[in-house]
Amino acid sequence: MNNYLRVQKGMTLIEIMIVVVIVGILVAVAYPSYQNHVLRSHRAAATGCLLELSQFMERHYTENMRYNSATFALPALQCMTEASGRYNYNSVQAQRTYTITATATGAQTKDTSCLTLGINQAGTKLVNGGSDVTAVRNCW
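Start counting the sequence shown at 1; every next residue gets the next number (my numbering).
Any given hint might turn out to be false.
What the hints assert, rightly or not - Ranges of calculated distance between the beta carbons of each label pair, as one might list FRET restraints:
id, residue 1, residue 2, range
1, 32, 130, 26 to 32 Å
2, 128, 85, 19 to 25 Å
3, 56, 25, 23 to 29 Å
4, 40, 94, 30 to 36 Å
5, 66, 27, 53 to 59 Å
6, 109, 134, 30 to 36 Å
7, 56, 113, 37 to 43 Å
8, 7, 33, 57 to 63 Å
9, 131, 70, 17 to 23 Å
10, 66, 40, 22 to 28 Å
11, 22, 97, 28 to 34 Å
12, 59, 33, 36 to 42 Å
Calculated directly from the structure, the hints in this document are not laboratory data. Built from N, CA and C at the ideal position, the CB exists for glycine as well.
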């Protein structure tokens, strides 16, 4: 009898488009933030691995009274295996000094301000070959 009492069943195309636009905006804002978070978390894992390798170097020095003995080799740590494809680890050692570096590879190279992380025998943290306080604070 009364046409004004009809109940609407479903959504209109306009309502669906509004939802799609809102979801698109949320994704456009959230996805870059998520990618940045992933890069920072992998970087944090690399710095932790560098600290663990530094402790290995100190134990090696305690046993041999030098960093570069004939039996020296960086151990294959779990953190290095987990970071394969993201960081390559390398060490340069002399009798009384060493520097261990983690160089970004693959997708991690998007983190351009922190491409190479390092630590030396004095515990100095390095970023891209230098020990700039601001860079170290941002990357470590």
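Here is what the structure says about each hint:
1. 32 - 130: 26 to 32 Å: 28 Å, holds
2. 128 - 85: 19 to 25 Å: Hint holds: Cβ distance 21 Å, inside 19 to 25 Å.
3. 56 - 25: 23 to 29 Å: 48 Å, violated
4. 40 - 94: 30 to 36 Å: Since residue 40 and residue 94 have Cβ atoms about 33 Å apart, the given range 30 to 36 Å holds.
5. 66 - 27: 53 to 59 Å: Given a distance of about 55 Å, which is inside 53 to 59 Å, the answer is holds.
6. 109 - 134: 30 to 36 Å: Cβ of residue 109 to Cβ of residue 134: about 21 Å, so the range 30 to 36 Å is violated.
7. 56 - 113: 37 to 43 Å: Given a distance of about 27 Å, which is not inside 37 to 43 Å, the answer is violated.
8. 7 - 33: 57 to 63 Å: 41 Å, violated
9. 131 - 70: 17 to 23 Å: 31 Å, violated
10. 66 - 40: 22 to 28 Å: For residue 40 against residue 66, whose Cβ atoms are near 36 Å apart, the range 22 to 28 Å is violated.
11. 22 - 97: 28 to 34 Å: Roughly 57 Å apart at Cβ, these two residues miss the hinted range, so it is violated.
12. 59 - 33: 36 to 42 Å: At roughly 40 Å between Cβ atoms, residue 33 and residue 59 fall inside 36 to 42 Å, so the hint holds.
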